[in-house]
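Undergrad: Spelled out from the first residue to the last, the chains are:
There are 2 protein chains.
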Amino acid sequence: MFSVLKGLRIVEGTAFVAAPLCGMTLAQLGADVIRFDPIRGGIDARRWPITNEGRSLYWPGLNKGKRSLAVDTSRPEGQEIVTSLIASPGEEAGIFVTNFPATKGWLSYDVLKTRREDLIMVNLLGNPDGTSALDYTVNCAVGFPMVTGAQSRGGEAKPVNHVLPAWDAIAGVSLALSVLAAERYRRLSGRGQLVKVSLADIAFAMVGHLGYIQEAQLNSEEREAHGNYLFGAYGCDFETKDRRRVYIVAITARMWRELGKATGLAETFAGIAAELGLDLGDEGDRFKASDAISLPLALWCAERTLAQIKQTFEGTGVCWGPYQSFKQMLREDPRCSTANPLFSELEQPGVGRYLVPGSPLSFGALTREPPVRAPMLGEHTDEILGRDLGMSDGEIGRLRDAGIVAGPVDVVQ
Amino acid sequence: MFSVLKGLRIVEGTAFVAAPLCGMTLAQLGADVIRFDPIRGGIDARRWPITNEGRSLYWPGLNKGKRSLAVDTSRPEGQEIVTSLIASPGEEAGIFVTNFPATKGWLSYDVLKTRREDLIMVNLLGNPDGTSALDYTVNCAVGFPMVTGAQSRGGEAKPVNHVLPAWDAIAGVSLALSVLAAERYRRLSGRGQLVKVSLADIAFAMVGHLGYIQEAQLNSEEREAHGNYLFGAYGCDFETKDRRRVYIVAITARMWRELGKATGLAETFAGIAAELGLDLGDEGDRFKASDAISLPLALWCAERTLAQIKQTFEGTGVCWGPYQSFKQMLREDPRCSTANPLFSELEQPGVGRYLVPGSPLSFGALTREPPVRAPMLGEHTDEILGRDLGMSDGEIGRLRDAGIVAGPVDVVQ
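Note that the protein sequences, when read in sequence, are chains A and B.
For the first sequence, the positions run 1 to 413 when the numbering used here is used.
For the second sequence, the positions run 1 to 413 when the numbering used here is used.
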């Protein structure tokens, strides 16, 4: 992590991927992020993947570096604790991030604003109209599963969902961006605001930014599935002699020249170009010739092991990469190890010692510090009530006895 | 767009997806973003998808709301123009975003810094060591293609690439976040800095944040492909009577109850739970029972049209969505139309009139303004040289005559 946002204070009431990712992203940039949860854990506290002992591997990943408050917000005293935290004074406080349907009631902007006029509240919704939607139900609506997977060639294809929760990931970082934009605005104007973002809009906007909506509107033909081919340029996957797979790309003219040179196939490619009447220095023509280009490349790859291919391409301008399963990535890729400053090994209580990434954003004016593990549920309850809200030990004891606050709690399946 | 970042001034030297998306994201939040390109267009100026007339639909999507300067930076005078722009004085200027390999030479941080000590430069790399990598060659390395597509059930699966350039999209928003974080830091400390981000780190970090690295490290079994099933909870796709498809999800206990209620299958589900000895109120148990749950749901969907399913689920707590191709999305989904304030119809010169998304981040203190179309290449050359750099008409004319600047240019395939 980098302390580039040191001092900034965010309270989050969140669950699942996008909204917790927002807080975690800001925490890894040095912000003080307090997540509050029910005293038995939030709706996502036990989410898969889990360890053999039944502890979530998912939750600690998305809540690194946060402080945790376990509080029963079904009771007025619990609500008051959270409200006081959200509305805490100070130029760098007064920021609340949530994906709860907080349009009315004690967590709504209108109510919270009565406690701090310049509050910044960022609310993630599912759909723009406030109805629920998840990554999966948004993704199916935005076209990509219809063009993912085996080539359709005009036939009807069964949709293929991505496994990466891409819209959640994009939304999480976008929420963090909106926090900083609103905080900058408040710093300059004195005005807080409610920022609303819907997961569906995140997806529809990106589909439009990437040109897919315009293509659907202006071009008569529907985009088809092209398997692992790269649309509009050249890219394809190949099996190696040792039954691994690689992906080879040539989106620029230079990458294309380098590929011909490194594989010794430049003349073969020239022959293909002549035969098809295409200029393979042009990316669109390379796309049209994908099948023809892939034939000799497939033979070339099948005669070489992954290690040999790596050695051949190293130091050249060929753009390629090996396919790796999650375990292969961990075993073989130095970028996914402590050899990469991005990663540290951390001990997560109850879960184990493992490789943890910090922020991928590297700020040169600051020193990279190792990522901070996720809190136990309610690990900071006492500290938050005492240090942040100024409660006495007696008061905290009373709240604990009344079951309004708790922690630390070991959440097991 | 929203003018939440009004006043902020960014110069970008970029190409392809991630880095232009950063500038576009900031432009749609009101920042003044100047993109400079070679006078015949950058390496991505003609990128597919293209219109029937050969104009890129891709480029205008990722460069909306920017100002464009066409300049020959292979010549010292061109370099001096860009350097002057990057190093322009003012608290809100002096920010440079690039994905060029700018580690040495005139565009490097060390050289630019001599012209403005508190410069902020954000440099996107492919790999952490500076070697090139693209979305496709990063994606194959981070595990997801191995678990995307048809269920592997222990067998060897052919990898399936996503079509959404997800890592580029995440990187683009992350770059924008890093700009605001660094600008906040400079505002408070007076210090600029070089921010380095690699596309590979963006991907490896996200894979780790989402728990996949930890799962690979701590659990003995490799994650398998589960087709369109949602890992760790319940989600599946179904065909409807009218041969459309829907995705139905139950990640929370409430969604699960609502699904049983809305479909009338609650008793069937209870029977499955009893037979398998599972508690289907638990998300992990629902995942284990995915096949059994899907059978009656498949029959239920096959007996109903998409419209009937929509009607049945409307107003309930069932979380679902229709699969839509890009054209179906445009034709059928009101969220992807001007009924959604996210979208406006814009005329892009030479390309046509089409639906354009603004920022999905909605700032309550500001009024949403329609998105601004992308510039023609070099559309703002004269304005930038004159108004921003204070050059005389004579000087600009001389630079034009010498072929050092140009525009506006209509870029056609």
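Just to be clear, a hint being listed does not mean it is correct.
For chains that are exact copies, the list does not tell them apart, and a pair is met inside one copy or across any two.
Cut-off 25 Å, straight-line C-alpha distance, at most; resulting in silico cross-link-like pairs (DSS-like, lysine-lysine) [said to hold, decoys possible]:
{"id": "1", "residue 1": "Lys327", "residue 2": "Lys6"}
{"id": "2", "residue 1": "Lys104", "residue 2": "Lys327"}
{"id": "3", "residue 1": "Lys158", "residue 2": "Lys113"}
{"id": "4", "residue 1": "Lys288", "residue 2": "Lys327"}
{"id": "5", "residue 1": "Lys158", "residue 2": "Lys6"}
{"id": "6", "residue 1": "Lys327", "residue 2": "Lys241"}
{"id": "7", "residue 1": "Lys6", "residue 2": "Lys104"}
{"id": "8", "residue 1": "Lys158", "residue 2": "Lys241"}
{"id": "9", "residue 1": "Lys6", "residue 2": "Lys261"}
{"id": "10", "residue 1": "Lys327", "residue 2": "Lys310"}
Because the hints were derived from the structure by calculation, they are not lab data.
Undergrad: Please go over all the hints and tell whether each is borne out by the structure.
TA: Here is what the structure says about each hint:
no.: 1; hint: Lys327 x Lys6; verdict: neither (35 Å within a copy, 46 Å between copies)
no.: 2; hint: Lys104 x Lys327; verdict: neither (46 Å within a copy, 37 Å between copies)
no.: 3; hint: Lys158 x Lys113; verdict: neither (48 Å within a copy, 53 Å between copies)
no.: 4; hint: Lys288 x Lys327; verdict: between (35 Å within a copy, 23 Å between copies)
no.: 5; hint: Lys158 x Lys6; verdict: neither (48 Å within a copy, 45 Å between copies)
no.: 6; hint: Lys327 x Lys241; verdict: within (21 Å within a copy, 41 Å between copies)
no.: 7; hint: Lys6 x Lys104; verdict: neither (32 Å within a copy, 31 Å between copies)
no.: 8; hint: Lys158 x Lys241; verdict: between (31 Å within a copy, 15 Å between copies)
no.: 9; hint: Lys6 x Lys261; verdict: neither (50 Å within a copy, 48 Å between copies)
no.: 10; hint: Lys327 x Lys310; verdict: within (19 Å within a copy, 41 Å between copies)
Of the numbered hints stated above, those contradicted by the structure are hints 1, 2, 3, 5, 7, 9, listed in ascending order.
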